[in-house]
Amino acid sequence: MRFERREHRPLYLLIVTPVIAVIAALALAGILISIAGAPVLDAYWRILTGAFGSRLSVTETLTRATPLMLTGLAAAVAFRARLWNIGAEGQFYLGAIAVAAASSKLLGNLPAPILIPLLLLIGAIAGMVLILVPLWLRLRFSVDEVVTSLLLNFIAVLFVSMLIDGVLKDPLAFGWPQSQSVSDHAMLPKLIARSRLHIGFAIAIALALVVHLVQSRTVFGMQSRAAGLNPAGAVFAGVPLGRTLVKVACLSGGLAGLAGAIEVMGVKGYVTTDLSPGFGYAGIVVAMLANLNPLGVVFAAIFTATMFVGADGMSRGLGIPTYIADVTVALSLLTMLIALFFTQYRIRR
Amino acid sequence: MMQLFDIIASAGLWAAILRIATPLIFGTLGALLCERAGVLNLGIEGIMTFGAMIGWISVYHGADLWTGLLIAAIAGGVFGLLHAGLTVTLGLSQHVAGLGVTLFASSFSYYVFRLIVPLANTPPTIVPFQPIAIPGLSTLPFIGPAFFTQTAPTYLAILIALLMAYIIFRTPVGLAIRMTGENPHAAEAQGVNPMKVRYGAVVAGSALMGMGGAFLTLSAFNSFFPTMVQGRGWICIALVVFASWRPGRALFGALLFAFFDAFQLRLQTVLSGLVPYQLFLMTPYILSIAALAVMARRARVPQALMQPYRRGER
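Chains A and B, in that order, give the protein sequences. Going by my numbering, the first residue of the first sequence is number 1, and it counts up by one from there. Going by my numbering, the first residue of the second sequence is number 1, and it counts up by one from there.
For reference, chain B alone in the conformation it holds in the complex:
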């Protein structure tokens, strides 16, 4: 019992929570933006993998970290364009198209990585983003080391969450996105072009997914290895439902999720030998499924989600 308390009271845990949450925040916001406009983007797992790979490769070849992050965002956007082409222009099944994008993007990532970095015993590394201590706040006891000594992309992720909440609920662009996700026919009657809105949302959302992946290689770790995304993309899709399609709750959901993940990591060391470690590794996936089961009914799904929009065809 005392050990459990020690874990929760340690600043290390709280710092880890923000670190673990960051790729989830990027990914969840990205998926959320796509879905608000009515497009389910199951390409996320592959897009994150590609972002992780291309961001790392760029920095490995001399780009600075911010450029690496930008390249990952652009690459994510390109995959978003592919997904939008399949689902918005052609109106194909969003499930199948997304799986196709994921399979292609992940295998393409491995291919490009192996092409540039042939098999080596120890994977090459880069110098990742360093934590930035925010003057004044970082010296606060307990809260300081946890919340105000993170790397720059973590601050950026939180900023984007707040910005997205503002855009979606307070601006005309946000209104157009929400209308397109609820009823594209009504949106069109109001002078909104649903196709353009969906393209924009999917490309921008996929760019965020690419950045989420790049966080893994440019900040959390310093090298790329296949399967490093490890289902984080799918967890983000679950978190969107958990967040009921609201950016603020997405931020909260990602943090809550990261709390459990960071907690189980530390619990593992306490209980090592008593409980198989695989049980701990399962918890993020079990939590995601539980979150879906609890929230799915209560959540307000965008009404036109997964429905292709074709002019003059209902």
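Just chain A, same shape as in the assembly:
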């Protein structure tokens, strides 16, 4: 048995692939659910109704999808240029803490129309700063950025922990390590009244569109793709590789930092070290499920959020550990990798 590269990829295959991958992952996770002694179809029905069964659950799912869209975009733009930014988790936290610091100490009294965009910008810049470290190490010392960006996640969370235990600690939090709250008028307006869904969701979708246009219509988009497909060829064709990677990194880190800023300003209002249940890592899966397509990220993020929100209800009802959501999401990354392979190769005997 051997694999033969396909001459061209039919379009239908690219659309069907993610669906097949997700179904395969759900089937595999179904085995685990039945091992736990629960009826599989009932479990999936509960996940679906848990995530979309009521007005409240729909808005919760979309609220949960918002940071996933942004971290997913962060991974997608970087991976496309073959910049392995695995540091979205740390960039998320740095964006979050930057917002908490800026809003409570420095700028809290500015009017909302100025304050909110300014804080979002600050969050994005904080994310950019963090990704520049692994990028610099790669360009200067040719250190693989996977490990450095990953290790920086641990450093960033400890740094946040230090701040919310120290200078940024909320004195009114009964000794809990928690940052001071951002001022009321720094909170993002709600998208739907009496829910937690905020305009960050709309911002995330708009950014997916913008990133799509940038990647498909601009010179920078073309250059970043060339850098990923064939770095040596790109240099030969006159693509400034270093400069392109810096831009890609800033875009990627900025999106991840923005995710943290939006989560603080949209949902929590303050920072703790469990602000993110792994949004940065889940963003990698979201990007892969979307086949690194910015518009696909929107749907992949909603799928992932569905699993996480829905699993809570199912877990309570059937006594299955909620980690089944993480397992399913990780499994769908693996099945998607395999499915993508078969869009490029066919089996020959």
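Please keep in mind that the hints were generated in silico from the structure rather than gathered at the bench. Note that the structure is predicted; figures quoted are calculated from it, not measured. One should not assume that every hint holds.
Claimed, not checked - Some, not all, of what chain B presents toward chain A, calculated at C-beta under 7 angstroms:
#1 S107
#2 F108
#3 G231
#4 W234
#5 I289
We treat Cβ as the ideally placed atom computed from N, Cα and C, and that holds for glycine.
Position chain B against the provided structure of chain A, taking the given hints into account.
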């Protein structure tokens, strides 16, 4: 100043160094073996987590400690098989496949653990490996309590490091592994099957990673908790570069790293209140990044690392 001296002069520090180094030695050797054959295995963090979990669960359910360690090694090997399937057979991006394995293995570990041990206020415990005093040597002043009263897996880790150095540089198998990592096409021309070598190296390396994880629950601690691997896998990947892909230096690197880690733990108690403890906790990660920056250029990377091998396709 005197306090610093006291820390370094205490046998407790040196005993702790070997303890802290052990999971790193297992993990670094495992990652090193994979990379020598040309496969980057970023599944390590997840594989260590799974090894820690499955080793603990086995012992919790009545297996003896050595069986627990063996089961962790086999489970690690199974994940290695998965990684090899994705990267060697299918030739997928080793970065992405490894991250996929890590995400799956860690979430699967938490799932299985919670399935078997539902939420309890105090985590259940087992009786871990006990230190073995090596007759004669353990009574030596200072060196004895530090180096010759460790638990059995620590001695095993050091033994494996020496054995691996011998295999890689002195045996035909080692030559085949090195050739596959440098130039699989040339290896094939010499009658070596690069696919088989890569499968073997990844499975065996992942088994070592599983044992490294199991050391955490079966020797260093006596219970399992999620996130207990805490980036040790990624640190091992950095240590491989630091060791320049040589088992002897991997042993040295892990010990050096453990020295700084054990030292900062003790420094913390001296400086508590003066410096936020988080700064100390950051040091292992900062050290790893620094080690990478210093060594990355000087290191001799296996030339075919991360390059999929397909017959008749270059």
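Here is how each hint holds up against the structure:
Hint on B:S107 holds. Least Cβ distance to chain A is approximately 3 angstroms, under the 7 angstroms limit. A distance limit of 7 angstroms between C-beta atoms decides the matter here; for B:F108 the minimum to chain A is near 5 angstroms, and the interface restraint holds. Interface restraint check for B:G231: the shortest CB-CB distance to chain A comes to about 5 angstroms, inside 7 angstroms, so the restraint holds. With its C-beta approaching chain A no nearer than about 5 angstroms, B:W234 sits inside the 7 angstroms limit, and its interface hint holds.
Below 7 angstroms, beta-carbon pairs count as interface contacts, and B:I289 has one with chain A at about 5 angstroms; its hint therefore holds.
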